[in-house]
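Protein chains in written order, with our numbering: chain A, 11 to 411; chain B, 88 to 657.
Errors might be hidden in some of the hints.
What the hints assert, rightly or not - With beta-carbon atoms standing in for the labels, derived distance ranges:
(1) Gln440(B) with Asp78(A): 25 to 31 angstroms
(2) Leu430(B) with Glu257(A): 29 to 35 angstroms
(3) Gln440(B) with Leu178(A): 29 to 35 angstroms
(4) Arg367(A) with Thr226(B): 52 to 58 angstroms
(5) Glu103(A) with Ala443(B): 55 to 61 angstroms
(6) Asp78(A) with Leu357(B): 56 to 62 angstroms
(7) Leu138(B) with Glu38(A): 42 to 48 angstroms
(8) Arg543(B) with Glu257(A): 53 to 59 angstroms
Simulated from the structure, these hints should not be mistaken for lab results. In this text, a Cβ means the ideal position worked out from N, Cα and C, and glycines have one as well.
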Amino acid sequence: MRDIRRWLIAAMLLPPTVGHAYELSDWESVTEAARGQTVYWNAWGGDSRTNAYVDWVADRVEQRYGIDLEHVKVGDTAEAVTRVVAEKAAGNEDQGAVDLIWLNGENFAAMKGNELLYGPWAEQLPNFSLTAPEQNPEVREDFTLPVNGYEAPWGRAQITFYYDSARLEKPPRNMPALLDWAKTHPGRFTYPQPPAFLGTTFLKQALLALTEQPEALYAPVDRADFEAVTAPLWDYLDRLHPHLWHEGDNFPSGGPQMRQLMGDGALSLAFTFTPSVPAAAVLDYQLPPTTRSYIFDNGTLGNVHFVAIPYNAQHKAGALTVANFLLSPKAQARKQDLSMWGDATVLDMSRLSPTQRESFTTESRAAASLPPQSLGETLREPHPSWIEPLEQAWRQRYGAQ
Amino acid sequence: MSRATSYRSIVGVLPWLTIALLSLPVASGVLGAMAPAFGYLPVLGGDSLTLAPWRQLLEMPGLADMTRLSVVTGLASAAISLGVVVLFLGSFLHTPLYRRVQRWLSPLLAVPHAAAAIGLAFLLAPSGWVARGLSPWATGWQYPADFAFPGDPWGLSLILGLVIKEVPFLLLMSLAALVQCQARERLTVARSLGYRPLTAFFKVVMPGLYPLLRLPIYAVIAFATSTVDVAMILGPTTPNTLAVSVVGWLNDPSLSMRFMASAGAILQMLLTLMALGIWYALERLVASLSRHWCQDGRRQCGERWLGGMALMAIRLVLGLMLAGLAGLTLWSVAAYWPFPEFLPWPPTVQNWQAAADDLIVPVGQSLLVATAATLLSLVLVLGSLEAETLKRRPLRPWAQVILYLPLLVPSVAFLFGLVMMQAQVGIRPGLGAVIVGHAVFVLPYVFLSLAESYRRLDPRWSQQARSLGAGPWRVFLRVRIPLLLAPILTAAAVGFAVSIGQYLPTVLMGAGRVVTVTTEAVSLASGGDRRLTAIFALAQLLLPALGFLLAMFVPRYLFRRRQGLLPRSD
């Protein structure tokens, strides 16, 4: 009882929140309200180049909008989701510690499904139209789920294989060839352990290539015969695993560890979800200078990653302003710059002025990097409901030996 | 209020504050994990009690392996560490070697677990320093061989990693205990009766020493069965220990996994409890089996052989640690460093230059948090120990148990619950919450390191000062604190090192907003760049080392004209 009285008094003493009011339809009012706010952006912090880019963004929004952007480096985006869940459990409705969150796919589905997201707001961002959503429907779709304005596109990713050309002349260019190659090069290939993001992505890539019913993957899993659709995948993995690194008893924790194993020379072939990573890692001394990258002949899995705002974020105006800045031609060009991060843009070049377009053409691409046009053959992400059963089934079969 | 009353009331309150700081977070954290373990978490649609999370947990593939791994690595590492420590003390207590090793203890203890594990992993990995040293001339390897170490399915590398950290800890804890159980006097008597040193140590000193080491050993077991960071770096992956898996489930994007994660957290608590129970039973067994042996009057027991083994073991422990740290230093200056080259050549400062900017904030926040948490703990510990002296009796047994609570309850078991409590009482995540969160873990270590010296202090010093007319504050500040300055500073350095090494409390209580060298090192370890990881691991190691250096040299400086106040090295 005393508690309630204390809260009431505190509520009365608090200044009214007029200073933070804004109208999404009136963008001026958003940037006005954003001034002076501290935006806590929860984003994976495992890559120094990504971190350096976020630092650059923080610098810019400080100068332009007076926003103090803090990069909260999480090891796994789910940590940030956990925090919002805990806050909701404790009845924290408008003082949330997470203002902006970098996510896609499964985390988006989980947050949306549990009503943990603020929105819709993304399509009201002034810069959103630059993505030309009519021509690029993937910016409105996250793992087949409609985004509905609850997150704003930020960048693109696609599975890209890389290898050490000093050790390997002809890398395998499809799934069956990969198996044959692994047999003759035992212990020199592996993939991250699901549910690590990149490991699950590899499962989906393999499943798309191997299954006889690829169309079933684009509908919720409970509408398909999971066993029948995935049988070719398990058959393939059963044959592949004995020839993997550590004979398939152990798996790396994620893409970065796989990159480390490539740097050590333990692996001859690896893959990443960020096409620029091999080139960047050569510059950082992490990979041999003879590293080259390529994608499979029939294309590889690709998707768009987004930023979203939790429903209880304390600094929504600031988060909106940052999200809009991230979509600006300047920020997107900077992000795609290989010397910065190398993450592909979500903007449509046809919507930009010639000078803006100019800033996206990088003169000298490192040898390890792919020419931009080869990123064409993108396979769409399956429905997110497939992820959990796939990971479960994998764990059941290979998780414990 | 007179000064004497203010002293009495402050000293009367501090023990209660201590108890509150230790028990409230742990208790509410465990409750916060307990409710969802039985299906109750309304925000995720769990509003009735059910055993479903437990059923889901029991059906988890590999659960048996995870639990076995946790218990076996925990008990094995504790047993090996204790064995090494006891053999070493018994064989070398009165030799110059003991003094030399003693001097290395504090610096070694200052090495955070994660840094030591990273160093060890680098040393023994297929592409590690040992393999590079032997390749290709001895092994014929042009590329790293394909074997799983660290990360072997038996957990041997994990055990090794725990042992190299636990041996220095137990040695340090025995320093005080040896004096308290009058080891020197016991040994002298036994030696004069013709017992060889090691036999004398086993038969005469151990029965007095072990009870004093019991709580540190229990803390070691609790830590070893539930460690997350060390197991992540050195443990196997299919599957890892239960604690690592619980953190994984907690972070699973599928929110419904959180019920099972909570059940796993409770299971982790039970496992640790079980490991302690097994150890206790073994204790009884060894005690009853050795009773006859202790009294059989035989004067020796394979002294030379056991002594040689002790020497080898301690050399291995210290050698692995130092070589691992040397490896970290090399990585921090390496450009592309292909296998099997033994040294990174030419070295580069570019890694450090690139990291310099990134180091400033984490180092500053680490220092701030560690200093504040240590000071807070120190005040509470001093208050509790003063209260003991005032009442002329040790803490009641239940209060004693509460003091060790955060060391005995696995931290993964109550941290998620702590986040809930934090939001519930409206504490903003940030520096303040992180400092309190660290203090929960720092305080027991400060207490452990300080209590024995404090209790050993001759009460007649205070009585004499009182009889000369000094008030209680004056006695405390001018007599007791100076007499105890060296152990107080050592305890503070231990607490500081513990705080620097904390990962989970920093991330959870700070909502990820507080960045320390440890959170950076761990988050980078997932990023895989060995060079940056090495730089942050080194930073993680240099900060506590600084603390121990201060603890060593401040008394020497302050008491340079009062040599009698300096601790005798015994």
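The hints, checked one at a time:
In this structure the supplied range 25 to 31 angstroms holds for Gln440(B) paired with Asp78(A), their Cβ-Cβ distance being about 26 angstroms. Range check, Leu430(B) to Glu257(A): Cβ separation about 31 angstroms, and the 29 to 35 angstroms hint holds. Separated by about 33 angstroms at the C-beta atoms, Gln440(B) and Leu178(A) satisfy the suggested range of 29 to 35 angstroms. A beta carbon spacing of about 54 angstroms between Arg367(A) and Thr226(B) agrees with the range 52 to 58 angstroms that was offered as a hint.
For Glu103(A) and Ala443(B), the Cβ-Cβ distance of about 41 angstroms falls outside the hinted range of 55 to 61 angstroms, so the restraint is violated. Asp78(A) and Leu357(B) have their C-beta atoms about 45 angstroms apart, which leaves the hinted 56 to 62 angstroms range violated. Look at Leu138(B) against Glu38(A): about 56 angstroms separates their beta carbons, and that is not inside 42 to 48 angstroms. Range check, Arg543(B) to Glu257(A): Cβ separation about 56 angstroms, and the 53 to 59 angstroms hint holds.
Checked against the numbered hints given earlier, the structure breaks hints 5, 6, 7 and satisfies all the rest.
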